[in-house]
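Protein chains in written order, with the working numbering: chain G, 6 to 464; chain B, 20 to 350.
A couple of the hints might just be wrong.
Once the Cα atoms are required to be at most 25 Å apart in a straight line, the calculated BS3-like pairs of lysine-lysine come out as [to be verified]: (1) G:Lys161 - G:Lys172; (2) B:Lys211 - G:Lys63; (3) B:Lys126 - G:Lys63; (4) G:Lys342 - G:Lys253; (5) G:Lys140 - G:Lys459; (6) B:Lys211 - G:Lys283; (7) G:Lys63 - B:Lys101; (8) G:Lys41 - B:Lys133; (9) B:Lys211 - G:Lys82; (10) G:Lys41 - B:Lys101; (11) G:Lys459 - G:Lys207; (12) G:Lys283 - G:Lys161.
Here are a few chain G residues that face chain B, going by a calculated C-beta distance under 10 Å [what the hints assert, rightly or not]: (13) Glu42; (14) Thr74; (15) Arg92; (16) Lys253; (17) Gly254; (18) Asp326; (19) Pro432.
Sample of chain B residues at the chain G side, in silico, Cβ under 8 Å [to be verified]: (20) Arg112; (21) Thr131; (22) Asn176; (23) Ser309.
Note that these hints are calculated values from the structure, not bench results. Positions of the beta carbon are idealized from the N, C-alpha and C atoms, including for glycine.
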Amino acid sequence: MEAIHVFMVRVVCGAAALTVALTAPVAAAELGWPEKEELTFGFIKLTDMAPIAIAYEKGYFEDEGLYVTIEAQANWKVLLDGVIDGRLDGAHMLAGQPLAATIGFGTQAHIITPFSMDLNGNGITVSNAVWDAMKPHVPKQADGRPAHPISASALKPVIDQYRAEGKPFNMGMVFPVSTHNYELRYWLAAGGVHPGFYAPHKGDISGQLEAEALLSVTPPPQMPATLEAGTIYGYCVGEPWNQQAVFKGIGVPVITDYEIWKNNPEKVFGITAEFAEKYPNTTIRLTRALIRAAMWLDANANANRPEAVQILSQSQYVGADAEVIANSMTGTFEYEKGDRREVPDFNVFFRYFATYPYYSDAVWYLTQMRRWGQIDADQPDSWYREVAEKVYRPDLYAVAAKSLVAEGLADAADFPDFSTEDGYRAPQSEFIDGIEYDGTRPNAYIDSFPIGLKTGDRL
Amino acid sequence: MNKTVTLHQSTGLAALPAPVRRLLGIGVKNVVVPLLGIVLFLGAWSMAARNIDTSLGQFPGPATVAQQFGSLVSEHRAEREKAEAFYQRQEERNAERLALDPTYEAKIRPYTGKETFFDQIRTSLVTVMCGFALAAVIAIPFGIAIGLSETLYTAVNPVIQVLKPISPLAWLPMVTMVVSALYVSADPVVPKSFLNSMITVTLCCLWPMLINTAVGVASISQDLVNVSRVLSLPPLTHVRRIVLPAAVPAIFTGMRLSIGIAWMVLIAAEMLAQNPGLGKFVWDEFQNGSSDSLGRILTAAIVIGFIGFLLDRGMLTIQRFVSWDRNSAAR
Chain G
6 MEAIHVFMVR
16 VVCGAAALTV
26 ALTAPVAAAE
36 LGWPEKEELT
46 FGFIKLTDMA
56 PIAIAYEKGY
66 FEDEGLYVTI
76 EAQANWKVLL
86 DGVIDGRLDG
96 AHMLAGQPLA
106 ATIGFGTQAH
116 IITPFSMDLN
126 GNGITVSNAV
136 WDAMKPHVPK
146 QADGRPAHPI
156 SASALKPVID
166 QYRAEGKPFN
176 MGMVFPVSTH
186 NYELRYWLAA
196 GGVHPGFYAP
206 HKGDISGQLE
216 AEALLSVTPP
226 PQMPATLEAG
236 TIYGYCVGEP
246 WNQQAVFKGI
256 GVPVITDYEI
266 WKNNPEKVFG
276 ITAEFAEKYP
286 NTTIRLTRAL
296 IRAAMWLDAN
306 ANANRPEAVQ
316 ILSQSQYVGA
326 DAEVIANSMT
336 GTFEYEKGDR
346 REVPDFNVFF
356 RYFATYPYYS
366 DAVWYLTQMR
376 RWGQIDADQP
386 DSWYREVAEK
396 VYRPDLYAVA
406 AKSLVAEGLA
416 DAADFPDFST
426 EDGYRAPQSE
436 FIDGIEYDGT
446 RPNAYIDSFP
456 IGLKTGDRL
Chain B
20 MNKTVTLHQS
30 TGLAALPAPV
40 RRLLGIGVKN
50 VVVPLLGIVL
60 FLGAWSMAAR
70 NIDTSLGQFP
80 GPATVAQQFG
90 SLVSEHRAER
100 EKAEAFYQRQ
110 EERNAERLAL
120 DPTYEAKIRP
130 YTGKETFFDQ
140 IRTSLVTVMC
150 GFALAAVIAI
160 PFGIAIGLSE
170 TLYTAVNPVI
180 QVLKPISPLA
190 WLPMVTMVVS
200 ALYVSADPVV
210 PKSFLNSMIT
220 VTLCCLWPML
230 INTAVGVASI
240 SQDLVNVSRV
250 LSLPPLTHVR
260 RIVLPAAVPA
270 IFTGMRLSIG
280 IAWMVLIAAE
290 MLAQNPGLGK
300 FVWDEFQNGS
310 SDSLGRILTA
320 AIVIGFIGFL
330 LDRGMLTIQR
340 FVSWDRNSAA
350 R
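The following block holds chain G by itself, in its conformation from the complex:
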């Protein structure tokens, strides 16, 4: 808390600027010059790294006096280690990564996030053979196409058959604390398939205890190749790797995460707490650049998306073919080959307050970590709140957003009302299984799942 204090005094040239920010124009200089101008940011080749690429290409970083080098990383582990050891100043991260690192699951390091990068954007794909076996169990809609959303209960008989034949049913996800892991688990469990528990206190971090479907880590760009090789039968990953499977004709996306949890929070921008403390102005300035990039991505009902697709298809960013990236970035999603449906909110970068780091989003990830045993013991509701407040930093976001509004670069209506916002979204119930989530009552939420650890359970 002291850090924020010091920081506010230094950054905003007196508390006055904060309070009157909405009325008085604040010149850039009043924010304070960036302490560190040359930065290196890491990312994984996924379309939701777009805010970073756009902030670079559109000169938003340079407008803040930041000279940023953007480097693709081999996998999430390398990326996280890069941020921790300082090789990277910041990175496109899985929402679970700063949380897990801060509570010490996997790696111990205090990572914070001042900026949420997007909503939705993932899908679950199964191989053609599994889809053929699943299809008879999927209800049809009037025009004969499969009715969406497809429940994992259609997959259950297929898994049972594989298990009966003695074949383990392997599926891929990108990282133990990835959104994809939790989404795949959520979908499987909602359809009655047990995805397995973690037991870190016993040294078991494979996440396959009692599992019917065995989940393991595969880096996103290698998902289609691993599926094609038959090592896994399905996977949950971000774009463009689901659409890639459709293009290559090796698999069929069965559900998007939008249908598992409408407008679920996805990636975040992670930096170390030390970085934010040491370079407060730089932190605010990079947040400003990212907010502007996110605004650009969603401006005029996605009017800039085709240009964004062209930028992302360059080899130093995502590098996949523009038509593959465009498939999901421009509001449609192709399931079975030819079954293209409208999913206008498949990638949300700014609207619905997508970039505001809500505490309740952090708490949801923590509840899933507890549900699957990554957090091995019960914690009081207050603990969930404290961890969320330690990692998610809407205070930094608010400073950046208010300064943009003051300069006329953004509209105050595009942001939550900072004077009343407590960081907890109203209870949400648009999940595939309809279970209501209230971020202020994590333990009650954990107890409401039929499959998963509950209060008092310890493996």
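Got chain G; can you put chain B on it based on the hints?
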């Protein structure tokens, strides 16, 4: 030879004077035959390519590779233009900032955009040269020392024999960890990734040079050693006048082996560690998985092969130049 002779006779070339005929024969042998080989190879390649369908589209043939090379060149040009614009913007921004904040120490930062294919080639070449030079600086003096002393040779030989076959993939993690631990600096002169690649290259190409130098030195003709004894040359002069000239062919054979290994190791290390260079280019393209990727990877592979070939030829030329016995340079 018989074949060419019959060819000449059948086409009426027999009428030409003998020296012209011989020149023609050499021309056929040195130009036409290799060209024929290349044409046959290209033909076989494009035939095969047409029959391989991958999930990224058809396997690239020679035409695709040529086209991808062209697009890599134009990408390089476009990136250079972006870099110029970047420097210009930077100067403007620096000026703006200086106007507001006179204490600011303006500086021009290097371009932050992507490294093009040709930048990667340069990075790889610099890395391989540095790694190789470091290995040579260590291996040659040490090789001479163990070549001169049989006791020393017997002592270190087992260790060398065990270290020699270690793959770069095993060295790399150790090098990475050690470099991270020892090379701590707020403002590093060279990036860690460069050191990692370079040291891995050094560790892998040290051994052939070491062994060849030692063997070359140890197998100097006894007559030469005797001459040195008769003249009672001091040790350093003995090395300079007798040992080095006699061992140069063997040393260079080791160096040629090493540079080949160095180049292969470097590409593998760059791929594995994502260190800048051609290896990273290949890996990035593999990860991109676009319809151009295979063509670009193949282009890179051919460039890698071509550079390897040039390195080898370069070493051979130097060897021929410094060797007193022109015929000893193997082909």
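The hints, checked one at a time:
1. For the proposed pair lysine 161 (chain G) and lysine 172 (chain G), the alpha carbon gap of about 14 Å is at most 25 Å, so the pair holds.
2. For a cut-off of 25 Å, the pair hint linking lysine 211 (chain B) to lysine 63 (chain G) is broken: about 30 Å separates their Cα positions.
3. For the given pair, lysine 126 (chain B) sits about 22 Å from lysine 63 (chain G) by alpha-carbon distance, which is consistent with the 25 Å threshold.
4. Only pairs whose Cα atoms come within 25 Å are accepted, and lysine 342 (chain G) paired with lysine 253 (chain G) is accepted, the gap being roughly 10 Å.
5. Between lysine 140 (chain G) and lysine 459 (chain G) the alpha-carbon distance is near 33 Å, which puts this suggested pair outside the 25 Å criterion.
6. This hinted pair checks out: lysine 211 (chain B) and lysine 283 (chain G) have alpha carbons roughly 23 Å apart, not beyond 25 Å.
7. Note on lysine 63 (chain G) and lysine 101 (chain B): the hinted pairing holds, with a Cα-Cα distance of about 13 Å set against a maximum of 25 Å.
8. Pair hint lysine 41 (chain G) plus lysine 133 (chain B) holds up; C-alpha atoms about 21 Å apart against a cutoff of 25 Å.
9. Annotation: proposed proximity of lysine 211 (chain B) to lysine 82 (chain G) holds, straight-line Cα distance about 18 Å (limit 25 Å).
10. Restraint check: the Cα-Cα separation between lysine 41 (chain G) and lysine 101 (chain B) comes to about 23 Å, which is no more than 25 Å; the hinted pair holds.
11. Among the hinted pairs, lysine 459 (chain G) with lysine 207 (chain G) is consistent with the structure: their alpha-carbon atoms are about 18 Å apart, no more than 25 Å.
12. For the hint pairing lysine 283 (chain G) with lysine 161 (chain G), the CA-to-CA distance comes to about 51 Å; that exceeds 25 Å, so the pair is violated.
13. A least Cβ separation of about 7 Å between glutamate 42 (chain G) and chain B falls short of the 10 Å threshold, and the interface hint therefore holds.
14. Below 10 Å, beta-carbon pairs count as interface contacts, and threonine 74 (chain G) has one with chain B at about 4 Å; its hint therefore holds.
15. Look at arginine 92 (chain G): its Cβ gets to within about 7 Å of chain B, closer than 10 Å, so that hint holds up.
16. Using the Cβ-Cβ criterion of 10 Å, the hint placing lysine 253 (chain G) at the interface with chain B is satisfied: the shortest such distance is roughly 4 Å.
17. Of the supplied interface hints, the one on glycine 254 (chain G) holds, with its beta-carbon coming within about 8 Å of a beta-carbon of chain B, less than 10 Å.
18. Interface hint at aspartate 326 (chain G): satisfied, since its Cβ lies 5 Å from the closest Cβ of chain B, which is below the 10 Å cut-off.
19. Hint status for proline 432 (chain G): violated, given a least beta-carbon distance of 40 Å to chain B, over 10 Å.
20. With 8 Å as the threshold, the beta carbon of arginine 112 (chain B) comes within range of chain G, its nearest partner Cβ sitting at about 7 Å, so the hint holds.
21. Proximity of threonine 131 (chain B) to chain G holds as hinted, the smallest CB-CB distance being about 4 Å (cut-off 8 Å).
22. Interface hint status for asparagine 176 (chain B): violated, as the beta-carbon distance to the closest one in chain G is roughly 38 Å, over 8 Å.
23. At its closest, the beta carbon of serine 309 (chain B) sits 5 Å from a beta carbon of chain G; the interface hint therefore holds under the 8 Å criterion.
Comparing the model with each earlier hint shows violations of hints 2, 5, 12, 19 and 22; every other hint is respected.
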